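S.K.: Spelled out, the chains give:
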Amino acid sequence: MDKMILSKNDLSKLIEELLKKNKVYGPVKSDDTVLFEEIKKPTELYLDYLNSEVPPKALMLHQTETLFKFIPGPKGKIEPVDMDEKKVIFGIRPCDAKSFAILDHVFEGDFDDPYFITKRKNTILIGLSCSTPGTNCFCTSFDDSPAASKYVDILLTDIGNNYYVEVISDLGKQVTKAAGKLFKSATESDTKKKKDAEKKAIDMISRTQKTDKIVEKLDKIFENRFWKDVAFKCLGCGTCTYLCPTCHCFDIQDESTLTKGARIRVWDNCMNPEYTIHASGYNPRPARANRVRNRIYHKYNYYPKNFDVIACVGCGRCIDLCPVNIDIIDVVTKAGEVKP
Amino acid sequence: MVDEKELREAVEKTVKRDDVKYVVGYEKGTYGFQVTPCFAYKSEDADKFIFSPLCVHNLAVFPMLEEKPPLRRGEEPDKRKVGVVVKGCDSRAIVQIIQEKGLDREKVVILGIPCTGVVDPKKLEAKFPGKTKNAEIKDDNDKFAITIDGKTSKIAKDELMPDKCKTCEYPTPVLYDILIGKEIKGSKKENYKEIESFEKKSLKDKWQYWEKQFEKCIRCYACRNSCPLCYCKECMVDQLDPQWVRRSVDVSENTAWNLLRAFHLAGRCIGCGQCERVCPMDIPLMKLNKKIEKEIKEMFKYTAGVNAEEKPLLAMFKPDDPEDFIL
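As given, the protein sequences belong to chains W and X, one line each in that order.
This note's numbering applies: residue 1 is where the first sequence begins, and numbers increase by one.
This note's numbering applies: residue 1 is where the second sequence begins, and numbers increase by one.
Among the hints, a few may not be true.
In silico lysine-lysine, DSS-like type, Cα no more than 27 Å apart, as pairs [said to hold, decoys possible]:
(1) W/K29 <-> X/K127
(2) W/K228 <-> X/K13
(3) X/K212 <-> W/K23
(4) X/K42 <-> W/K339
(5) W/K200 <-> X/K151
(6) X/K216 <-> W/K69
(7) X/K79 <-> W/K228
Reference excerpt, derived from the structure (chain W facing chain X, CB under 10 Å, subset only) [to be verified]:
(8) S30
(9) A58
(10) L59
(11) R207
(12) C234
(13) Q253
(14) M271
(15) I326
(16) D327
What the hints contain is simulated information worked out from the structure, not anything from laboratory work.
Every value quoted in this text rests on a predicted model; they were computed, and no experiment measured them.
Note that CB positions come from ideal geometry on N, CA and C, so glycine has one too.
Construct the entire structure; sequences and hints are all you get.
M.R.: Shown next as structure tokens:
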């Protein structure tokens, strides 16, 4: 891993360099909403943000993704979509970057998903450490840090006048090589500054989720009344799932007119009653309690069983925006304390 | 300000009744300023009930969210009532649903709270960002007394109140079984100032404005699910055959969704502002609802959710109804 520094004044030069060969996406503020959007010039970036409203998973797994286009009818034909776009996601938070690593397990495995994998391969992640984590941030509950470098190609950490630059992967090396003049080697004092910044951020995280032996504990309380109590105030909207960086369920539909159409993939969410409804009319998860429980089990039981990782990164979005304060830190911690 | 002791006594008394299943009210949430809906099944549960300017949720949605799972053979349906704690605006939702015969008056016990205005959580967050520790708000006449980690500051209500409270005509619930505290006479008037200034914009500007708003929509349907008046068994947007609104999330389908919903609430929306409160993308949905409310008030002299005996607007005909909008 190369350790370097980049002067804050040179940041725009780096972005301009990146814009030459790639599409660059980064946090952009419009009204009060921060979203990851394509930028055309460095000034569009808004780096003083906590978390984007919609997670950058939307760039890997589009909310509406065209799988292919077609012309319907006997003379119809299929037209594939172009997937070779090279892009850079700039300013992604370590937690959101981790979500990509978590999603990899689903989209590459027994059956590779070309749409996700191609995007993933063609994307360079330039992360930006969190210096002031929010109220409901809890990435440290999963032994991660607001300045974790392992999920990105390059990680920038604010250390005053400079960014401390950690180059993690070969893709990252290509970037620093191409813009070699902008980077200087880091001194030991720079490394210390990064560590201090990281510690300061970690100390600001005030909430902890207790996930010790959570897989085994959840195994024992599937039928417990606890879930009914948790879910009773749930309104059944899709805010928690759509804004979750690791929720990845989708629905596939053909949308067409008489002359043209497309097969699309759209986000779906397990809080929706029709999500599991069978063609027969039978619904295995008829009540909100079944659905809320499923969301928790998927993240804290099924996923660790299958892939050895909890499918939550601790970004806090679902807690911040739940209309009725269903708080995943609280729910999971309390679930661990339920007597079977 | 509501006496919480009186509230808890009323909850306890209600939940003790044999014909009541549970009472839904408010309790302190898990962090910062959060307050969350809570349920009392037995009299001890009443102890956690609170009321403060942070009680922003419209709990009238809960009787409508009741799930009725299929009964086992020989099992009797639970016919007991649900107790609901309501503010003035929330009570109007219940009245409106009763008007529409969506809810039987006999099925609810209404615990009314005369309300002096709540805070807008988004305005509060902007003013005091990221408070994890104990934070509380109390009503102090024309100010909110905000206590964070033991320190109290007072802020003028107008600064933190949602727009709906600034023009609230019904601070005291219009329908209740038990009133907690003394009735408050409504002294404010809805003047539709914001709507009137928006109406003056050109068609192009208005369209641009809404296009930008609807582009943001992620179709989580939090607006629908938090709305007490959105109680269709199957929402038109979930229907697959015919599919009225496509699943594609783009500005065209999003516009269809948001406008269809606004029209489905015409003459029914009681202006509690839940849709706007819960929208994660901050779409100003009340602007749509208020515009329709204003038109209806002007044309038909009808206000939704004030009299349970009245017929709903779309279910009554008067020979002198205006017709100028019919082409």
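S.K.: Can you give the numbers of the hints that this structure goes against, from lowest to highest?
M.R.: 10
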